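Model the full assembly from the supplied sequences, consistent with the hints where possible.
Going down the list, the protein sequences come from chains A and B.
Heads up: the first sequence begins at 1 in my numbering, then just goes up one per residue.
Heads up: the second sequence begins at 1001 in my numbering, then just goes up one per residue.
Source of the hints: derived by calculation from the structure; they are not laboratory data.
Since the structure is predicted, the reported quantities are computational estimates derived from the model, not experimental observations.
Treat the hints loosely; a few may be bogus.
The list that follows gives simulated cross-link-like pairs (lysine-lysine, DSBU-like), each with its CA atoms no further than 35 Å apart [as the list claims (entries may be wrong)]:
id, chain 1, residue 1, chain 2, residue 2
1, A, 110, A, 142
2, A, 12, B, 1241
3, B, 1316, A, 47
4, A, 144, B, 1072
5, B, 1178, A, 47
6, A, 4, B, 1036
7, A, 142, B, 1036
8, B, 1316, A, 3
9, B, 1178, A, 12
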Amino acid sequence: MFKKLIAESTGKSPWLFHINAGSCNGCDIELVSVLTPRYDAERLGFKLTGSPRHADIVVVTGPVTQQSLNRVLRSIEQVPDPKCIVTMGSCPQSGNVFRGSYSVAGPLSKYVHVDVDVAGCTPKPEAVIDGLYLATQILAEKRKEMKK
Amino acid sequence: MDMILNALKYLAYVLIFPGFLFCFLSGLLLCGIDRKLVARMQKRVGPPILQPFYDFFKLCGKETIVPAAANKFMFLMAPLLGLAALVVLQLFIPVFQFNIPAFTEVADVIVILYLLLIPAVSIILGGASTGSPYAGVGLSREMVTVLACELPLVLVLLSVGKVVGASYQGGICFSMTKIVEYQMSHGSLITHAGLIPAAIAFLLVIPGETGNHPFDAAEAETEICEGMLAEYSGAPLGVFKLNHGIKMLTMTSLFVMLFFGGLGSGIESLVALVGLTGTAAHMVSVLLAVLLLFLLCVIVTAVGISLVHAVTARLKIEQIFKYYWTVVSGLALLSLVLVWYGL
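If you want it as structure tokens, here you go:
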């Protein structure tokens, strides 16, 4: 019964940790707007946490600059399993307008496995919620695989 | 045979009611109701009421990372120490007249006061054992918050004790059972004019004791990564979240028993009116008393925790300390003076 409760709860209580990897702040503001009364992601259980140790879903914004690369990877490693990595905006996915710059080390998928990409510059809050919801389902599946 | 039955009975008290299982269910439920209420007050839809249960079970299924610098034993035992203290504490708080004499008669308000400190100490121990600088900042703030809350709390309990003690042998009465008994015959203490400032002071102490907004400088997640919990993950973190829920239940039920303890006096006659007798009547009246207590706890949470959370921003630590030692202590002291002169 206990195992069943855990399996059912895993997808229902996703806590977010947000990493800014050299973002222009546009996506960061849009992510916060998802938690405001207008879109209220908390109704799906989303909660912004302050520490990577509490997180289930890591949201990365920005093109992953040389400066931030190491810190991003270290923060992601600190997240306990099962975890999901979501990139927000076009920057961490492709580099966007910063592609080819000497200071950009991205895209993020070169370094870690990315579960969900939410494209856009910046993505609409509806798209962000959709992407995060997809991540919760992946999270529940990962939990099932972890048990095996 | 009798001894075994007795032992089983006490085991049931500790593990089921009013011990662990009751604390677990109603503590998390109270937490969920609080989150929903805050959301509705901010015009949000809010999480489902069962959200804290989802959070708890999810955390149980997560990997637990013990930092290399941490003292492993202390790191893992600290949340359990807090949980044990809170469950014991709940045993000492009577449910109107239906208390368990073996627990409520040996322990009085002083014991409750000491036990209330242990969850705070456990979170400080756990945080300190991780060696994280965020935990260092958090635990120094937690100590100040605890210190700030203690003075008004003691003053409130003194004034309540004075009122009840005056009608017994004189002096100050510290027995929780006697405080409730007094209210059964004299009406709830909230109707006592001199104690109204004390009741307001206690209501303001509740969010400080539980570490709720706006007195959560110690666990500020946006500035110091939830302070002492920064390094916790998985099941130990879940237990700390559970402790927070149970502490809300403990503080609100203590408030109800101190100031609204007389509301349960009609339950037995109400049950007798329906025509139940013997064991069945007792069972039904205990059930009604528990439901009434929980309902009152929800109301106190709504007024004392959720409303305060929804309308205020987080205070700085020195503001918290100043607020408690001037405004709240002032109210409690006013009450003590009024009560001392027989008002």
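A quick look at each hint next to the structure:
no., hint, in the structure
1, A/110 / A/142, "holds, 21 Å"
2, A/12 / B/1241, "holds, 16 Å"
3, B/1316 / A/47, "holds, 23 Å"
4, A/144 / B/1072, "holds, 28 Å"
5, B/1178 / A/47, "violated, 44 Å"
6, A/4 / B/1036, "holds, 25 Å"
7, A/142 / B/1036, "holds, 29 Å"
8, B/1316 / A/3, "violated, 42 Å"
9, B/1178 / A/12, "violated, 45 Å"
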